[in-house]
Amino acid sequence: MFRYTVKRLIQGVITVWFIATATFIAMHSVPGDPLSGERLANEEIRANLEARYGLDRPLFAQYLIYMGNMARGDFGISFTQQNRRVNDIIREHFPVSATLGILAVVFAALGGILWGALTALFRNRLPDVVIMFLVILGISVPSFVVAALSQLGLTSLNALLGVSILPVAGWGTLLHMIVPSMVLGLGTMAFLTRLMRSSMLEIVNADFVRTAKSKGLPPTRIFLKHQLRNAILPVITVLGPAIAAITTGGFVVELVFAIPGLGRYFVQAVQQLDYTVIMGTTVFYGAFLVFMVILVDLLYGLIDPRVRLE
Amino acid sequence: MSTAAFKFGPGDFEPVATERRTQTLSRPSVSYWQDAWRRLKENRRALISLWIVIALAFFTLAGPLLWRVDPAAQDLDQVSLPPGLPRVALIVEPYVPWAGITATPVPGTPETLAAATPDGLRLVEPATTQAVRLAWDPVPGASGYQLYRNIFDPEPDGAVGLPVAEILDPAQVSFEDRLDLEPTRYWYSVFARDEFGAEAGDYATVTVDLTRVVSAAEAETLGWIDAAGAVALGDEIVLPYYPLGTDYLGRDMLSRLMYGARVSLFIGVVAPLLFVVVGIVYGSAAGFIGGRVDQLLMRFADFVVALPFLLFMILFKIAFGIGPGESGIFPMLVALVLLAWPATARLVRGQVLQIREEGYIGASQLLGAKTTYLVLRHMIPNTMGVILVTLTFAVPTVIFTEAFLSFIGMGVAPPTPSWGSMSNEGLRTMLTHPHELIFPAIFISVTVLAFNLLGDGLRDALDVRMRGRE
Amino acid sequence: MSVGEVPGGRTARRHDEPALLAVDDLHVEFDTYGGVVKAVRGVSFSVRPGKTLAIVGESGCGKSVTVQSIMGLIPMPPGRITRGTAMLDGIDVIRQKVVDGEDIRGSRIGMIFQDPMSSMNPTMTVGDQIAETLEVHRGYTRKQAYSRAVELLGMTHIPEPADRAKQYPFAFSGGMLQRAIIAMAIACEPDILIADEPTTALDVTIQAQILDLLDELQATTGMAIVLITHNLGVVARLADDVAVMYAGQIVEKGSAEELFHECAHPYTLGLRAAMPGNDPTREQGLQAIEGTPPDMFDPPRGCAYFARCPHAMRLCEENRPERFEVAPHHYSSCWLQHPAAPLEVSGLYRGAAA
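Residue numbers (my numbering), protein chains in the order written: chain A, 69 to 378; chain B, 82 to 551; chain C, 44 to 397.
Same shape as in the complex, but just chain A:
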């Protein structure tokens, strides 16, 4: 297990290097000089940046400077906001996105497992049909539509009752987080429900469940210890990619609900072509996702004994 962990971590570092390099290449193939144009507020920033990134030097030298800065965890200074460090931007806005994301992942995973198991138990009966219809709907409706409609619904609900039960937008209290995190987790929850359902249906007919029945175990015990425990495994394997989907899906939810997260900031930076912020955020998100996937894989090793020995 220890060797496996070290191996995965080394792989992760190499992957982050690849992401950083790809980001560098992508941003340096942008037509024209990133520092030209009226976007750059004043000469002072320009001079600073030129010195800092060696923009007058050959591309490979720039790459080395860039990688050196990245290795030290220095993402540079914003192009559009004077003297604002990208690190500070991330430090300020990322916790908001992370809180939203964690809530959404928890919501999606618990919901997916619960609904998936329920539909499998009531296969082809009313609860199954109803839940699977909602799931198909959840998979097919784009997240921004769900976000917009839920905001519209919330506005009308608050207006109807005359009191504000849940805030329609903004950030701060737990109440602000409920609706956005549910909207954010909805698509993933629908996906996990489907996965859990098919996994449960496969397990229901598994030989070891038949063995458990032949031992005369009570149905609840068979369900919890033999079916659920094994059916969850495939759900956990896709949790890494699911976190990635939720993190980037957060952009839309942050935009619609006016949440001051890193995603909203990233979209702003893209629209203003704030190169350092775009590069810094991309590499930061990439690294975050890579290590989340590793974490999920290690977690999987703890639950599935078969992985532990490899």
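Careful, some of the hints might be misleading.
Computed cross-link-like contacts, DSBU-like style, restricted to lysine-lysine with a CA-CA straight-line distance of at most 35 Å [as the list claims (entries may be wrong)]: (1) K140(C) / K75(A); (2) K122(B) / K81(C); (3) K140(C) / K81(C); (4) K293(A) / K140(C); (5) K81(C) / K75(A).
FYI, nobody ran anything at the bench for these hints, they're computed from the structure.
Following the hints, position chains B and C against chain A.
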């Protein structure tokens, strides 16, 4: 046993030759693709989805030929029009200014004023979209009048709506409304004002139904008719028709949805085709060559998978740049292919490695089959099913990606319509004109739903393990 | 227990012994897209205490479905038990699985399966899975149950049972895992152990060890065994009584000696001829039974074996054979046993009725 002895004669115990040594099976024997097609046909959801996909293809390809309305043409007189039946307008005289009605003010005390309600509120002449002319009886002691207009009945909450006029002259007991008149029903309310300019007493309300009218000259300017002389007063002319309404710039929704479908479905179908082909070539190369090359190729694929997909879609989008007048469809295709191929490559490689070990490949080789024959006869038919399913599931993913990017303003460049960019524009007017968001959203959802269900059906139908189950 | 030990005594004793488990007229059907499969069509047999009953037949003849429907293990739907009872101590276990708050499965009837590798939960340790049965049926604490589980692993000759109990199934070999499953099935000292093709998935050398183990455990615990197999070698080695199944019905039933030496049904005869042996007197090599079993979507009206039977008679095609008692407690469902049947078939035992 004794009864049996009576039942059967000696002849019954004569030996017979049983020639049908092998029994025939009562089930019909079906080939793989026949069986898959049978199961797909039995899957009602998949079949409906297939029809929806066919209908969408018709809508996209043949739609613009049948509904010839320019998706970029703006009708500024019919902006954010809700869906509905064709609209007509009555040809009338050009607008003539109205002097209004005056009456001698009636004196009164503040007390009577506080209890007063304006009487005799009435339409002076039929209400049209040209003008609504109202008059009422003077209120004793009033220093002026205050008028409101609402699109809902003010009762019972007293919600009188939008203030449309403040009349400071107590002699003036009429009002002409020409403000953004729509051919619908309005509720006009009038208050009397006290000497301090505050509203006094109760209000009176009149319900007014407006008729859409236009003068011949105006109709010609707007392009509704060819020549002003061709119509007579009192004629009804039919306005340009928008069955699904218009957007915030007065562009036809139906036509935009059709052209948007061309963009969204083009990206949604072509991008998966391209990256699946790239994936097949890459994956089968890795699988066939094997060894070090395979390791190296697949490690590179792992790296590409690790790139955060949507972030890099945005990065590539910026990197390619969009010149003026370009739609941005091509850069999006390239970015999708660059980022999305590894999934198919992994799948195909796995299939190749698996099938290579199958007994029938060895058997075929023993019989002297050449590599090309093996690939054509065994490899391709056996991977077709999996690839077809991957392709079907890739379509909704790509449509979602396009919609997402267009939504955050990183998709196809305006004015090119796509369902994603239409949703983005519709979001701004969601509260007042929900149809501008709902139509493209429904099209995205139905398309994604159809492809998802079709993919499910195909996967179940092509899965050999499902044979004989259900 | 070897063949021909005390031929007379065994038969005589059987009259007095009450059956431990008596299955009567069992019918099981499955709904499939092609129609209704009549998998079991009127099966009756009884299991004597402390003895081994072997149910023999080709793949798909319904032998596994028979025992699985008794244990309530067939998926319903699509499966359906349309008729029949299985009486254990006056209780029909097909309809009543829980007696006095306790499931008879695991406590009074244990079961082991064909493929040990997939028959254990991959995410629980072997020790925990054995202990689980004891916790549920015996009310043991976790610790008690676990230490008993280790003892049981020892009883089934698993080396270093304390260490092995901590391991997960994937760390076991097939043979070891089958031993662990046997330990699990006998944990509550059941009256009957149902073994559904327990050696089919194992190596030949391991098969013998598992059979020896079953034999040994029967001797020490006195439990009855219902052994499902298509291997006549296994039958010869272990069985006291044998029931031969064909196309969802029992065609011949009797003691092991009778079935091997006085077999009274052409199908049993065919099975025997198809079995390898080291009998030097045998003139011919192995003889396969030509043809395939009938399609169970539409079972034949008469004798199911008609199409493959070398001795078929005119009445066999349309008339279902009666059950003839060829010797006390030795039954054969074949028209050849009818008094009017004129044929003399080589190797076929003609009973008293004929």
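Now the hints, each set against the structure:
This hinted pair does not check out: K140(C) and K75(A) have alpha carbons roughly 52 Å apart, beyond 35 Å. The straight-line distance between the Cα atoms of K122(B) and K81(C) is roughly 27 Å, inside the 35 Å bound, and the hint therefore holds. Distance hint between K140(C) and K81(C) is fulfilled; the C-alpha atoms sit about 24 Å from each other, no more than 35 Å. This hinted pair checks out: K293(A) and K140(C) have alpha carbons roughly 21 Å apart, not beyond 35 Å.
Between the alpha carbons of K81(C) and K75(A) the distance comes to roughly 56 Å, so the proposed pair goes past 35 Å and is violated.
Against the hints set out earlier in the document, violations occur for numbers 1, 5.
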